[in-house]
Amino acid sequence: MSETVKFTIDGKECIGKKGQYIVDAAAENGVYIPVLCHMKDVIPAGSCRVCTVKANGRNMAACTSPVEEGMSIENNTAELLDIRKAIVEMLFVEGNHFCPACEKSGNCDLQALGYKYQMMVPRFPYVFERRNIDATTPKIFLERNRCIFCKRCVRMIKDAEGRSIFAFKGRGETLEINIDHKLAANMTDEMAQLAMDICPVGAILRKEVGFNEAIGTRKYDKKVIGSDIENNHQ
Amino acid sequence: MKEKISRIVENFGNDAARLMDILSEVQSEYGCVSCEAVSAIAENLHISEVDVIQTRSFYHFFTEEQVGKYAVYLNNSVVSCMNGMSDVADEFQKQLGVKFGQKTADGLVSLHYTACIGMSDQEPAAIINDVVFTSLTRNKVAKLVADMRAGKAVNDMVTEFGDGNNANPIVRSMVKNNIMKTGPVVLDAYEVGLGLSKALGMDSKAVIKEVLDSGLRGRGGAGFPTGMKWEFCSREAGDHYVMCNADEGEPGTFKDRVLLTERASMVFEGMAIGAYAIGAKEGVLYLRREYKYMKALLENVLTEMRSENLLGNNILGKGFNFDIRVQFGAGAYVCGEESALIESAEGKRGEPRNRPPFPAQKGYKGKPTIVNNVETFCAAARILDRGAAWHKAIGTPESSGTKVLSISGDCNAPGVYELPWGMSISEMLTMVGASDVQAVQVAGPSGICLPPAQFDRKIALEDLPTGGSMIVIGNKRDLLKDVVLNFMEFFADESCGSCVTCRSFNMILKNSIEKVVEGHGITKDIDDMSAWSEILRKTTRCGLGQTSSNPITTTIKNFRPLYDARVKNVEYQSDFDMSKAVVESCAVVGRSAEIHE
Numbered sequence: 063m064s065e066t067v068k069f070t071i072d073g074k075e076c077i078g079k080k081g082q083y084i085v086d087a088a089a090e091n092g093v094y095i096p097v098l099c100h101m102k103d104v105i106p107a108g109s110c111r112v113c114t115v116k117a118n119g120r121n122m123a124a125c126t127s128p129v130e131e132g133m134s135i136e137n138n139t140a141e142l143l144d145i146r147k148a149i150v151e152m153l154f155v156e157g158n159h160f161c162p163a164c165e166k167s168g169n170c171d172l173q174a175l176g177y178k179y180q181m182m183v184p185r186f187p188y189v190f191e192r193r194n195i196d197a198t199t200p201k202i203f204l205e206r207n208r209c210i211f212c213k214r215c216v217r218m219i220k221d222a223e224g225r226s227i228f229a230f231k232g233r234g235e236t237l238e239i240n241i242d243h244k245l246a247a248n249m250t251d252e253m254a255q256l257a258m259d260i261c262p263v264g265a266i267l268r269k270e271v272g273f274n275e276a277i278g279t280r281k282y283d284k285k286v287i288g289s290d291i292e293n294n295h296q
Numbered sequence: 047m048k049e050k051i052s053r054i055v056e057n058f059g060n061d062a063a064r065l066m067d068i069l070s071e072v073q074s075e076y077g078c079v080s081c082e083a084v085s086a087i088a089e090n091l092h093i094s095e096v097d098v099i100q101t102r103s104f105y106h107f108f109t110e111e112q113v114g115k116y117a118v119y120l121n122n123s124v125v126s127c128m129n130g131m132s133d134v135a136d137e138f139q140k141q142l143g144v145k146f147g148q149k150t151a152d153g154l155v156s157l158h159y160t161a162c163i164g165m166s167d168q169e170p171a172a173i174i175n176d177v178v179f180t181s182l183t184r185n186k187v188a189k190l191v192a193d194m195r196a197g198k199a200v201n202d203m204v205t206e207f208g209d210g211n212n213a214n215p216i217v218r219s220m221v222k223n224n225i226m227k228t229g230p231v232v233l234d235a236y237e238v239g240l241g242l243s244k245a246l247g248m249d250s251k252a253v254i255k256e257v258l259d260s261g262l263r264g265r266g267g268a269g270f271p272t273g274m275k276w277e278f279c280s281r282e283a284g285d286h287y288v289m290c291n292a293d294e295g296e297p298g299t300f301k302d303r304v305l306l307t308e309r310a311s312m313v314f315e316g317m318a319i320g321a322y323a324i325g326a327k328e329g330v331l332y333l334r335r336e337y338k339y340m341k342a343l344l345e346n347v348l349t350e351m352r353s354e355n356l357l358g359n360n361i362l363g364k365g366f367n368f369d370i371r372v373q374f375g376a377g378a379y380v381c382g383e384e385s386a387l388i389e390s391a392e393g394k395r396g397e398p399r400n401r402p403p404f405p406a407q408k409g410y411k412g413k414p415t416i417v418n419n420v421e422t423f424c425a426a427a428r429i430l431d432r433g434a435a436w437h438k439a440i441g442t443p444e445s446s447g448t449k450v451l452s453i454s455g456d457c458n459a460p461g462v463y464e465l466p467w468g469m470s471i472s473e474m475l476t477m478v479g480a481s482d483v484q485a486v487q488v489a490g491p492s493g494i495c496l497p498p499a500q501f502d503r504k505i506a507l508e509d510l511p512t513g514g515s516m517i518v519i520g521n522k523r524d525l526l527k528d529v530v531l532n533f534m535e536f537f538a539d540e541s542c543g544s545c546v547t548c549r550s551f552n553m554i555l556k557n558s559i560e561k562v563v564e565g566h567g568i569t570k571d572i573d574d575m576s577a578w579s580e581i582l583r584k585t586t587r588c589g590l591g592q593t594s595s596n597p598i599t600t601t602i603k604n605f606r607p608l609y610d611a612r613v614k615n616v617e618y619q620s621d622f623d624m625s626k627a628v629v630e631s632c633a634v635v636g637r638s639a640e641i642h643e
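So the protein lines, in turn, are chains W and Z. Each position in the first sequence, counted from 1, maps to that position plus 62 in the numbering used here. Each position in the second sequence, counted from 1, maps to that position plus 46 in the numbering used here.
Pairs of lysine-lysine, DSSO-like flavour, derived with a Cα cap of 27 Å:
| no. | chain 1 | residue 1 | chain 2 | residue 2 |
| --- | --- | --- | --- | --- |
| 1 | Z | K394 | W | K220 |
| 2 | Z | K115 | Z | K48 |
| 3 | W | K68 | Z | K584 |
Simulated restraints on C-beta separations:
| no. | chain 1 | residue 1 | chain 2 | residue 2 | range |
| --- | --- | --- | --- | --- | --- |
| 4 | W | H243 | Z | A459 | 54 to 60 Å |
| 5 | W | H243 | Z | Q139 | 33 to 39 Å |
| 6 | W | D251 | Z | N201 | 53 to 59 Å |
| 7 | Z | M47 | W | D283 | 50 to 56 Å |
| 8 | Z | G412 | W | D259 | 28 to 34 Å |
| 9 | Z | A577 | W | F190 | 18 to 24 Å |
| 10 | Z | A577 | W | D283 | 32 to 38 Å |
These are calculated hints, taken from the structure and not from any lab test. Built from N, CA and C at the ideal position, the CB exists for glycine as well.
Kindly generate the complete structure, drawing on both the sequences and the hints.
Structure below.
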């Protein structure tokens, strides 16, 4: 039996399990903390930083920090909301995102957060990075213009022997997501679909299947991202 | 090629955790780690090719393209530039007819820039096939190029030798120690084994207490109490490891270079003491690739210590077993962060880990590990010999002992100085013969840019903490262009990219300071840079992102007039530069890119 811990988020009293990450414990208590890289039950990357909270006065990523007994967590403060909005804006300028032409529009977590935070114009200058598209594997397109380096595919998509199909290449300004051509050649449709589904943006797209779901009927077309978590616990 | 690579991989036990060593050997053998080589390595290790590529592409001394038979890596750090790097670069390009980033048509020489190589006291300096050439001038470059054309072995191109162990026949390096001042803890006369034999006569808990009582704090810059780190680690169950962080990559630091050259046995002795304290049998010295020229020396010292029974089995007859291996990096600043260093030593990209868990709980190979700086281990060896009280009496109440400083830049006597903590910056400047000083960059780019009004502040963990880098910047320098922009280019390149905020904001901030330097900035850009730096600082996991905006924020704070003089106080100014935007197309049609004002 796991030990329970009591903590607060913006004053609200919450209960979680010892060792549980703040973001997951918060969700169980009906508090939404936005994420782009995190997925429940997957080893966290802590890469997108959009889940940054202030716990006991210190900024930390809610997806990599466990809850502790008596922890006082700030979540929806003006300061943190502005930081999150800034990160979303930053992601829009550092990559090349054209929502109207994107297959993932409406199913895209980044776009949904843009709406949630009512982003109008990014405060940062566009970087206009030149990024290449890799369409050489049979099942998927790797659309690097939209990649936000969340590492979900790196962490979750492996071949039958546990080898990586996706990995980072380079560092700093030259960082990009890379795909293993040999292993990707053997990807099944199911793996390709999973890769596309876990990608929070439109960087991984299945070939030969497009716009299966009509625009207007997609996940975030009618509901604000995170509202399911918040509504579950009203 | 396939067979040769199979052998290399086999020499490292077909172990993917030794990927750094495998890549390093392949790079030396073929001048690159080509697609074909990646394929062979992946096959032998039974991992995917992208996993080989992710490590190869992280370190700048591993290349996909074949480098020249002579690969020239010229340091373009701030201090190198101050000392005439551009002339040296120009001469290389003129002599060879190719630019940096290119290779001569015959494949003989390739030219590359690299970040600080730990030679700030003798810049401009370059590394050619692991051999260091210092204090370069146009004439020396001409000579080097002639030697390379004549096919001389790189070692034979070195004609003068440095002092101390640099002149040792197994090193034969032209690097100079430049030890300007010795202090009681590290650089005083030293006899190997005294501290270790005392430690082995004590209970391991008593050793930790001795280090705790001495007040020793990490010498890498963060200043965490060493004894406390050892204490935490010793409480954990299972195998333990000791790692020495010899990745000194903070631009302007070079003291570990000197300590490893002259006090290698002291470093290893300190590691053995740490191992005894926490209960470790294995140690790793993680050494930056730039210091590969010391490899034979360090291995020789290890062999000697084994023969003196200071390492190996049943050390000094006390039933304690411990040995050390040297692990080379391959060019990545962020590996100086302890968890990134561990990742790298395990053959991976040097990406800092999330914490908790801390390395003391889960470090190298997932086991409890202490990672300490070169100088920290030296100090620990001395402390066990002379006692905690002796050490505690030196320095200030909160910073006991001494600090070995690497002082460079605009001063008469750059070099290594071991000083008790507590000296003021102005005393330091007098000591090194620096006048007409505009600023002192304390603790390197990740530290602070200090104005003359604050030169009475003290070098101590409670006032001005430093891992040792001190760069003196004279009044003749363009602080924003020569220093701040250079530092931001450095960070934008060295961010591992694992936190998107660090990757992007460093890039965005670099572009902003470039805009200001080029004269396109407006007042709002200064406020924006401050605000964006704050976001970066609050949203990254490791010290790199938390400090990488310091060159901008500390100069905005301390040298605001320099910014105001460069920006226009208007609401809006386009940062679009027509001339710059059409450079490429003008080059195609052979026209000048200077359109109009």
